[in-house]
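Undergrad: Once you have looked at the hints, place chain B on chain W.
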Amino acid sequence: MKGIFKVTTKTIVAAGIGAALFALLFMYVKIPSWVPETSFQTAYGLSALIGTLFGPIAAGLAAFIGHAISDAVQYGSPWWSWVIASGVASFIYGFAFKRTKVEEGVFGIKDILTFNVIQIIGNVIAWIGVAPVLDILIYAEPVELVFTQGAVAALLNSISAGVIGTLLLIAYALTRTKKGSLSKEA
Amino acid sequence: MTVKMKLFSYNLMDTFIHHLSGLTKLICFLFLTFAVMYSYDIRVILAITAFSIFLLLKSKIKFRQIRTMVLYVLIFILTNAIISFFFSPEMGVEIYGTRHDICKLYGRFYLTQEQLFYSLTKMVKYASVVPLGMIFLLTTNPSEFASSLNRVGTPYKASYAVALTLRYFPDIQRDYRDISQAQQARGLDLSRKAKFISRVKNSLLIVIPLIFSSLDRIELISNAMDLRGFGKGKSRTWYTAKKFNRQDILALTVSALIFIGSICVSVFINHSRFYNPFI
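Heads up: the sequence lines are chains W and B, in that order. Counting in this note's numbering, the first sequence runs from 1 upward without gaps. Counting in this note's numbering, the second sequence runs from 1 upward without gaps.
Simulated from the structure, these hints should not be mistaken for laboratory data. Take these hints with a grain of salt, some might be off.
What the hints assert, rightly or not - Rough simulated footprint, nothing fancy, chain B against chain W, three-plus residues with beta-carbon under 8 Å:
#, segment
1, 6-17
2, 26-33
3, 92-106
4, 128-140
5, 144-157
6, 162-171
To be verified - Restraint ranges, calculated between C-beta atoms of paired labels, are given here:
#, chain 1, residue 1, chain 2, residue 2, range
7, B, 100, W, 136, 24 to 34 Å
8, W, 103, B, 57, 46 to 56 Å
9, B, 13, W, 108, 52 to 62 Å
10, B, 220, W, 108, 26 to 36 Å
11, B, 65, W, 138, 25 to 35 Å
12, W, 5, B, 102, 53 to 63 Å
13, W, 178, B, 220, 23 to 33 Å
14, W, 108, B, 244, 54 to 64 Å
15, W, 136, B, 116, 14 to 24 Å
16, W, 103, B, 276, 58 to 68 Å
17, B, 102, W, 31, 34 to 44 Å
18, B, 153, W, 117, 29 to 39 Å
For each residue, glycine too, the CB sits at the ideal point set by N, CA and C.
Pulled out of the complex, with its shape left as it was, chain W reads as follows (with noise of 0.2 Å):
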């Protein structure tokens, strides 16, 4: 728990350049699913990704701030429930920042669960709990339909974030030298 809400400068770094990427993928990799307007959005995957590497500050702003460009230049205006609640999502997934040990270059079976559970958390909340109602506040929109659409909307991007970002912490494991991988010499 200690440290993970520290704003550094690759905290900041990584926040604007994962907006970017974020904002990117969001537009362009996605693949639209069987309920109008919502589709499945490999963005949360690197969400995730920025989430356990840099933490709940970084993955959070980086969220909000893609999301927000992403809808702005998309629809001319930012649909503002939809984008905190991204920026809540992404910010829980942060929660596995120092929780795993994929900086040591291990993501095994304990971390892949760790991981796991904590993006499902994130994505219940802001899914099934910040978008609908913030939909209903802002917009009063449909009760049935918002909740339709979260819940779809939890499911879709747990799958995103746990196949996508779950590989991605992989990969980015085997990048890392192994604690204790240099062995002496007889």
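TA: Below, chain B alone, put in the same frame as chain W:
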């Protein structure tokens, strides 16, 4: 998948909207969009829409600059109206408290005047923020944007993250295009013809190199910023920040009045966020 869209395709022109400071435009944008977001009174919304279209014409934005956006928004509001109807066809009746059937469609689906009015209000509402967003995006200098954010109270580190995003988006877009074309040249299928699972797998083959090259970039930029002492002070100044003049004050006053007016109409005239012509 061609990537042609430009982020903030800003060009400097000689109109009074271009001359306003970025801070003014940000605050006006927020005032006007919140006024529309809050109100469900079609008269207020139409008035604000007319005003924002007037501003759009004044700022000399050409239609081809905004064509894609207009198309996206039209598709969005139409699907939204249709699926809202299928999920809760009685939403209008619930809100306005009366019932004027027009005809029976199918099963539990009745077309009512209330539902039509609710859908129409919502469509105008969502469409009306679009001209405002376009004016803001197309007439604001991107490097001035971060300084404006800082001056409305966003911490400067968060504003700097936005500045970095705007600066590096084109670079990352170029990387993405290079990687995507290289992978497609090797036979990667991203079209609808491929199965869902293989499309997910194929998109991963583009995303992984893109993300890993960006992680290197993060390392490089944050070292460079640390070397220049980023984040040592409590505040920072911005090279592009503009001073306020009379026109800025005027624009701010007008949009604040519109915002207050919209709230007043809801509170004192309609006694709710909705305007009810049925009683």
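Undergrad: Each hint should be assessed against the structure and marked as holding or not.
TA: Against the structure, the hints come out as follows:
no., hint, verdict
1, 6-17, "holds (count 10)"
2, 26-33, "holds (count 4)"
3, 92-106, "violated (count 0)"
4, 128-140, "holds (count 3)"
5, 144-157, "holds (count 3)"
6, 162-171, "holds (count 5)"
7, B:100 x W:136: 24 to 34 Å, "holds (25 Å)"
8, W:103 x B:57: 46 to 56 Å, "holds (55 Å)"
9, B:13 x W:108: 52 to 62 Å, "holds (58 Å)"
10, B:220 x W:108: 26 to 36 Å, "holds (30 Å)"
11, B:65 x W:138: 25 to 35 Å, "holds (28 Å)"
12, W:5 x B:102: 53 to 63 Å, "holds (56 Å)"
13, W:178 x B:220: 23 to 33 Å, "holds (24 Å)"
14, W:108 x B:244: 54 to 64 Å, "holds (58 Å)"
15, W:136 x B:116: 14 to 24 Å, "holds (21 Å)"
16, W:103 x B:276: 58 to 68 Å, "holds (59 Å)"
17, B:102 x W:31: 34 to 44 Å, "holds (38 Å)"
18, B:153 x W:117: 29 to 39 Å, "holds (36 Å)"
In this structure, only the earlier hint numbered 3 is contradicted, and the remaining ones agree with it.
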